[in-house]
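Here the sequence shown is numbered in my numbering, starting from 168 and rising by one per residue.
Hints were generated in silico from the structure; no laboratory data involved. Keep in mind it's a predicted model, so treat the numbers as computed, not measured. Heads up, the beta-carbon is just placed ideally off N, CA and C, and yes, glycines get one too. Mixed in with the good hints, there may be bad ones.
Claimed, not checked - DEER-style ranges, computed between Cβ atoms: (1) V311 <-> D380: 12 to 22 angstroms; (2) F175 <-> Y373: 36 to 46 angstroms; (3) L340 <-> K270: 36 to 46 angstroms.
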Amino acid sequence: MLNSLDTFVMKLMAQYSSRSITANKLIIHFLDLNTVKFLTLFILLWFLWFFRNKWKSVVVECIIDMFFGIGISRFIQLFLPERLRPLHSGNPDFVLPLGVDPKALEHWSSFPSDHAALTFAVSTTMWRASRRLGAACFIWSTFVICLPRIYAGYHYATDILGGAFVGVCTALLVARPLQKLLMPSVLTVEERFPGLFFSGFFVISYEFVTQFDELRLVGRAIQHLIS
């Protein structure tokens with residue numbers, strides 16, 4: 168059933184990926200722009216932190232969501248058998264859109280999607296705090312962040328669903344208890360050491376917006392030196 172879903176979605180996307188060169192260029196051009204995908208979410212988090220005190224717990228919960236969402240997703244990728252991405256699999260139902268690098272994300276398992284895990288975790292937490300804001304985050308996560316990755320062949324539909332499941336479970340089962348435990352300490356650090364606090368907040372924001380790209384490059388270089 169899952170394979171049938173992946174095939175159906177690939178065929179659906181293929182109808183459009185071979186139809187409009189302009190649309191392809193537009194989608195692919197913005198696909199890897201982290202400022203388009205994630206900066207918007209962090210602008211929202213920074214705004215909410217200074218908007219009202221009641222939103223500070225939501226922001227902390229979202230940060231926890233991100234750490235655990237992407238961490239659990241990477242753990243699954245490492246310990247499950249590697250799943251080749253559509254653009255590497257040679258699947259005849261997949262049509263490579265113009266502008267996509269066929270070697271992109273080689274040697275990275277496609278299941279589950281880190282992007283889906285991260286953004287759906289945040290969206291779920293936002294939904295619990297505000298239905299309107301949560302709905303807006305879910306729409307952004309689905310149509311701006313996740314669907315283009317299926318279109319480009321970076322992920323199967325089930326990769327996105329798996330990542331979304333990880334994100335939602337993280338938000339519902341992990342983030343809230345940890346937020347309640349850590350919130351007093353977070354507020355204390357903000358009050359006593361505001362410079363250190365907001366410097367750390369900025370660094371965390373930057374790393375998530377860039378998806379830890381530079382850290383991952385350093386990690387790979389160290390791995391190659393050791394092996």
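Here's how the hints hold up against the structure:
For V311 and D380, the Cβ-Cβ distance of about 19 angstroms falls inside the hinted range of 12 to 22 angstroms, so the restraint holds. For the pair F175 and Y373, the beta carbons lie near 38 angstroms from each other, so the given range of 36 to 46 angstroms is met. In this structure the hint that L340 and K270 lie 36 to 46 angstroms apart at CB holds, the actual value being about 37 angstroms.
When each numbered hint is compared with the structure, no violation occurs for any of them.
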